[in-house]
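J.: Given next are the chains, with one letter for each unit.
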Amino acid sequence: MSKYDDHCVEMLLREDNPRRPGRAGTYIFGQEFKGQDYFEATPILTEIMPITGNYMMMSGFPAEVQKRIYTMRDGHKGGPYPKYNMNADKLMIFSGSDPDNMKDLGAHVEFHLGEGGNESIFHFDEPRAVFVPKGVRHGPIYITQFRRMLTMFCVFTQPSKEAADIVQAWDYVGDDAKIHEVIGDDMSEYKKFFAENPK
Amino acid sequence: MSRPPKADLSANCVEMFLKDPKPPEPGKAAVWMYGQDHFPAAEHWIETWMVTGDHVMMPGTPAGAEKIIHVGPDGHRGGPYPKFHHNADNLMIFTGTDPANPRDLGAHVEFHLGEGDQAQVFHFDAPRCIVIPRGVRHFPMIVTGWRRPFVITDILTAPTRTAAGTETDFSYETPA
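Keeping their order, the protein sequence lines are chains A and B. Per numbering that gives the first Met the number 0, residue 0 is the first one in the first sequence, and the count goes up by one each step. Per numbering that gives the first Met the number 0, residue 0 is the first one in the second sequence, and the count goes up by one each step.
Errors might be hidden in some of the hints.
Away from chain B, derived, C-beta distances all over 12 Å, residues of chain A [unchecked claim]:
no. : residue
1   : LYS66
2   : ILE68
3   : ARG127
4   : GLN144
5   : ASP184
List time: in silico DSSO-like cross-link candidates among lysine-lysine, alpha-carbon distance up to 30 Å [said to hold, decoys possible]:
no. : chain 1 : residue 1 : chain 2 : residue 2
6   : A       : LYS66     : A       : LYS133
7   : B       : LYS82     : A       : LYS2
8   : A       : LYS66     : A       : LYS190
9   : A       : LYS102    : B       : LYS27
10  : B       : LYS82     : A       : LYS102
11  : B       : LYS21     : A       : LYS102
12  : B       : LYS18     : A       : LYS102
13  : A       : LYS102    : A       : LYS177
14  : A       : LYS177    : A       : LYS76
15  : A       : LYS66     : A       : LYS177
16  : B       : LYS27     : B       : LYS66
These aren't lab readings, by the way, just hints derived from the structure by calculation. All residues carry an ideal CB built from backbone N, CA and C; glycine is no exception.
Using the sequences and the accompanying hints, generate a full structural model.
T.: Now the structure itself:
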């Protein structure tokens, strides 16, 4: 027996059932998630999110949908609102899936970082790394013009979400025009997947 | 709610460096690199690449063969031999590219961690994260039974490879 025999770790695969439009299951590696231990000694938390179609994150609710706060299975409160990581920097790497054309991201990304007079809005269709300093609001992220699978890879400088101290911008109001740009005018899918607790 | 800091965020969307050797390395697409060389506030050195076929990483050279030594632009001496990171922990995350079947890695991986009586050899064909503590030798890595591209993301808890204290074990000999 080697002292390293537990160093090849099966990550948590968080799958929505039914799957959210535009996003496949998320692999998570960290010190804990929903009360489970993964690898206590890890220095960081990572999340790997394959994007499979137009998608948006942290976009708030459009006016026509009742705003709500999700209650997760472990009692944690969440929702599709912009966020602050009060005790962790976060790096979000966007990369494509075409090994013959590594500079093709496969979609267009609009990323909002900061707020008020300090907001920067990044637009890109090539791989990028977005650095989110602790205490800075980030989101929404709008992914449009999807052509090919891409991946969002997040690295937190803390080993767990609890340690990162994530705060939601509950008062953020969704931008109807941007939301429709992502999902079209059929709001039934939006209501089905975003306006109720994640499964 | 906290006040937003006054820092200028306009530089925080970073174009990473693409290491794109010509001809490409067998079984491996070009590598995206991110670290302090590309963004001054970076806290990690990260490389991510797609595996495109069977291959071996850091296989060493057979006993008696001339050693292969690469000298980087920073003077760092490397080569196709197992490594140590003396000042940084290292995560290597392996994920597939089939969103309909996320538990399929797309190939079989054999990964060597540690040495001597602490040597551990991992075999897997589903996504995994390998945790490499600082100071522990790692590699070779052998990819076989390749069916579909998969992604390796390599994270060092240091902002540069120099800060990670990376050392190559030039004494390693490929097993006969």
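J.: Holds or violated: LYS102 (chain A) with LYS27 (chain B), Cα cutoff 30 Å?
T.: holds (15 Å)
J.: Should the label of GLN144 (chain A) as a non-interface residue stand, given a Cβ cut-off of 12 Å to chain B?
T.: holds (18 Å)
J.: Take the C-alpha atoms of LYS82 (chain B) and LYS2 (chain A), compute the straight-line distance between them, and say whether it is at most 30 Å.
T.: holds (18 Å)
J.: For a C-alpha distance cap of 30 Å, please report whether LYS82 (chain B) and LYS102 (chain A) respect it.
T.: Distance ~29 Å between LYS82 (chain B) and LYS102 (chain A) Cα, so the pair holds.
J.: Between LYS21 (chain B) and LYS102 (chain A), does the CA-CA distance stay at or below 30 Å?
T.: Measuring from Cα to Cα gives roughly 16 Å; hence the hint holds.
J.: Quickly compare the C-alpha distance for LYS66 (chain A) and LYS190 (chain A) to 30 Å and report which way the hint goes.
T.: holds (11 Å)
J.: Would you assess whether ARG127 (chain A), listed as outside the interface, keeps its beta-carbon beyond 12 Å of every beta-carbon in chain B?
T.: The assertion about ARG127 (chain A) is violated, with a minimum of 5 Å to chain B.
J.: At 12 Å, judged by beta carbons, does ILE68 (chain A) keep clear of chain B as stated?
T.: holds (16 Å)
J.: Would the hint linking LYS102 (chain A) and LYS177 (chain A) be met if the CA-CA limit is 30 Å?
T.: holds (25 Å)
J.: Confirm or reject: LYS66 (chain A) is not an interface residue toward chain B, with every Cβ-Cβ distance exceeding 12 Å.
T.: holds (17 Å)
J.: Holds or violated: are the alpha carbons of LYS66 (chain A) and LYS177 (chain A) at most 30 Å from each other?
T.: holds (17 Å)
J.: Are all beta-carbon distances from ASP184 (chain A) to chain B longer than 12 Å?
T.: Fine: 25 Å to the nearest Cβ keeps ASP184 (chain A) off the interface.
The structure does not agree with numbered hint 3 stated previously, though it agrees with all others.
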